[in-house]
Each structure stands twice: as C-alpha cells, then as structure tokens.
Amino acid sequence: MLPPAKDLAAGLLFFLPALALNPLAAPYRPPLPPVGEIEEVRRGAAEDAAAVSFGARRLFADLWFIRLMQYYGTRESVHDERAREHHAHHHADGSVCHHGAGWEKGLYPEFVPLSLHVLHLDPYFHSAVLYSAASLAYNLDRPAEARKVLELAIERAPREWRYHSLLAAVGYSGETDPAEIVRLLLPVVRQPDCPTMLKNQTAFLSKRAGDYATAAGIYRDIAENAPEREYAERARRELEKLETEAR
Amino acid sequence: MKAFFSPALRVASHSLRLHLRDRFFGLFLLFSLLLIYSSLLVGVMAVYQERRALVDFGLALMELMGLAFCVYASATAVSSEVETKTIYLVFSRPVPRHSYLLGKMLAVFGAAAVLLAATALMHSSLLLLRGHAPDGPYFAALAYSWLKLTIISSLVFTVSMFSTSSLSSMVIGFILWMLGHFAPETVLMAAQAAGEGSLLELLARLIPNFQLFNFKDALDVRGAAAPPLAALPYAAAWWTGSYGFAWALLRRKEF
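So the sequence lines, in the order shown, correspond to chains A and B.
Note that the first sequence covers residues 632 to 878 in our numbering.
Note that the second sequence covers residues 67 to 321 in our numbering.
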C-alpha cells in the first residue's frame, strides 16, 4: 500500500539539497566520449550498454582490446588454397617463390572498427591506440587509416602527447630518411607500457638509419622486458647480430 | 544528540555483526574472491597490459559484488525484521524509529566497507604477486566505489519503505544504479519524451550522478573524478535525502 501523499511530499523535501547539487556535480564527470558516440561492432550493443550502465567502460575497453589482439594475431589468408600451395613450394635449388612485401599479411577488415571501438570506450587507453595506429601504419601499410585513428584519439584526449608523436612519425613514413621518425618515436618507445611491436619497429628504423646504439638499446629493452616470447627471441638475435657487426 | 546517536550506534553494531555472519555475505565474499582470482587469466590474455587488465577487472568485480550485496542487504534490512517480527522487540525498547533507521543504514555502509576491504586485500596481494604494486589512484577508486555503494544502499532503503516486496526494491535499486551512470542523458531523454519541467524529468533528476564517483573508469586521467571536497557533500546530500525520505515513511508505518 502506498504511503499518504503528505508523507511522500514531506519525504521528497529531504532530497532538495541533493537536487540542488546535481547541476553543480555535472562538470566533474570523467572526460569520456558521450554514450551516443559509441559505434556498435560485432553486434555488441548489449555489451556496450552494460559497459556504460555499470560504469565499467575501461573494463570493456580492455576486453575489446584483447579481442583486437586475438583478431590480429590470427592468421588471415587472402589467397585461395591453390595459390598458397604454389607459392609455398620449394624449387629444385631449394629456393622458394619470391612473394614480395605484404604477401599473406591479411586484410583484417575489422581492424579499424575494432580499434575505433576501443577508442570510443576509453580514449585514454594509449597503449591500445598506439598498438592500433602503429600496426596500421607499419605492419598493414595503411597509414591513412592509422592517421584517422590517431586524429580521433587526439580529438578525444588532446593532452596525450604519445598520440601527437606517433601521428608525426606516421606523417614521415613516406620519407626516405628514417632518422626523423626515430627521433619522434623515441620518447614514446621509452614509456614502460609502449606496445612491443612499436618498440621493435623503432629499433628496426634506428638500424636502418645507421643508429646502431639506439637500436641495440631498444632491442635490449625488448629482450629483457617483452612479455611476448617471439619478440624477445627476435630481439636477442638482433642484438647478437649487432654485436657481431660491431666487432 | 546522545539520545539520537547512542541507540543508532547500538543498532548499527548489532546489525553489522548480523550482516557479517549472514551466509549471503560469505557467499558474496567467496564469489568475489573466486572471480578476482580468475581475472588472472584475463591478465595473461592482455599480454603487456596485464596490470591494467588485472586492476580494471578487480575494481569492477569488487564494485559489482559490493553492489549486489548492498542492494540485497538494504532491501531486506527492515522487511526481514518485519517478517520475523524482530522489529516488535526492537521498538518495544527505547529505540526511536529514526535511530533504528540510521543504525540499519550505517550497518550496511559498514558491511560494504568490510566486503570491499576484504576483496581489496586479496586483489592487492594478487597484484603484488604479479609484480604490480597497487598505487594511490587504485585506493582512491576503491574509496569512490564505497561512496557509490553507500548512496545506492541508502536509496534502496528509501525504496524498500514503500515497495511491496524486497525483490522489487532490489530491481529498482539495480535500475537506479544503471541510470545513475548516465544521469545527464537520462534527464535529457526524459525531457525529450515528456517535455521540459514534466514529472518524468523531475523523477529523472531524482537519480544521483554516479559518474561523479566513477574514478575507476578514468584512472589514467588527471582530474577525472570529483575532488573529495565536492564528492563528499554530494554523497552526504543523497544520504540525507534518502534517510529523510525513508524516515518520513517509517515514522507512521504500522507493523
């Protein structure tokens, strides 16, 4: 049974201070993009609603980032079986067909939507943004889309200096001298949570620019700290090569 | 003043002991610990973002388990005593209704703090075990989570005063929690649906802005959460509002 209206009205009066404070509290909300700007991917609207309703956008950004890494870590073949068999065969002299750069790299059509989704949920997840943009620019040869990701990230989180540095480095990607790209990327790479892939790319570019000391420093960091075993092993091999060359 | 607080504190300490002995509290605690432990798997999948994944999962799970417990405990705090007729025994003694209500609310706040502290201890140990020491923002996020839990608890207390069943109080509690995380959008939608200044808009404004305390969603962003000097008065205003409303309904309630 509902209580008398008089009691209800009297009770409501107690909420007046809270109501008065509501407009004053509004500016203090976390600076995350509005709910309406979250674009659905993989029919995940219900998940996005849960992320917002339970105040767990960061948690869901982590989940989507794990999905992005799993998606990108899964080999995606763009050729049919016969073409792959032909290109995989060994010639009599032991050589194999030259496939050219980008052979079997995959197209990963969902890469950008997934990256943007992480970005919409948490634009301050700089590691995810750097991973996405660097993969697009340096691994998938899609610098225009890398710039798109970074520009949106800068719009959402303008004070994130790492985004500005990577954007500048991506802008220099077409240039023949990699030294400038290395100069721009070094401060980003020195951050402890920088994606290993970007560290590896910077080390490679340093080597190409003839700056072996910097390359060796980055490879050492990867060999000692990278959680990905493949990257760590590759870095150790590169270090050995650099040391042999130095002798 | 003493006549007001003394019985309230006695009710609070007794109710807190009951909460901590309740099998549901034990279940919530056990379930939280299991979930936090299983979040290790997510940390492994996140590769070089293990710390972030572990922290985010831990904080979110602690808050959600705290929410489930607080909503349940607040919805049943008074109604269960009415059902078991314990409330007659309490009111047959010199315990004013306003002190009884305050004591019950404080007990839930205390139990939420114990639950958060116990799970945070386990989570921090797990983080340390993996080589990630919990830092200042981590503990600040926990404190803000507790403030959120106290607000939702006090609101569910209010709802339980006029709700027909504990289940409906709990459902309303969860709905308020969800709406509170996009409070400005809720007000805007209500104004668009029923017009500005409508009753619906007024009701939408009766939802606290939980984003104010949602520091765990922006741990890396400076100035993301309201400073304590703004958050505490805001929380206090909602405690007072809920307490006052609940008292206005309880004072003439016949058992």
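Hints in this document: simulated from the structure, not taken from any laboratory.
Be aware that a few hints might be false.
Reference excerpt, derived from the structure (chain B facing chain A, CB under 7 Å, subset only) [said to hold, decoys possible]:
| no. | residue |
| --- | --- |
| 1 | MET111 |
| 2 | PRO203 |
| 3 | LEU278 |
In silico lysine-lysine, DSBU-like type, Cα no more than 35 Å apart, as pairs [unchecked claim]:
| no. | chain 1 | residue 1 | chain 2 | residue 2 |
| --- | --- | --- | --- | --- |
| 4 | A | LYS779 | B | LYS151 |
| 5 | B | LYS151 | B | LYS68 |
| 6 | A | LYS637 | B | LYS68 |
| 7 | B | LYS319 | A | LYS637 |
No experiment lies behind these values; they were computed from the predicted model shown.
Note that the Cβ used here is the ideal one computed from N, Cα and C, for glycine as well.
List in ascending order the numbers of the hints, as given earlier, that are violated by the structure. As far as the earlier hints go, 2 and 4 are violated by this structure, in ascending order.
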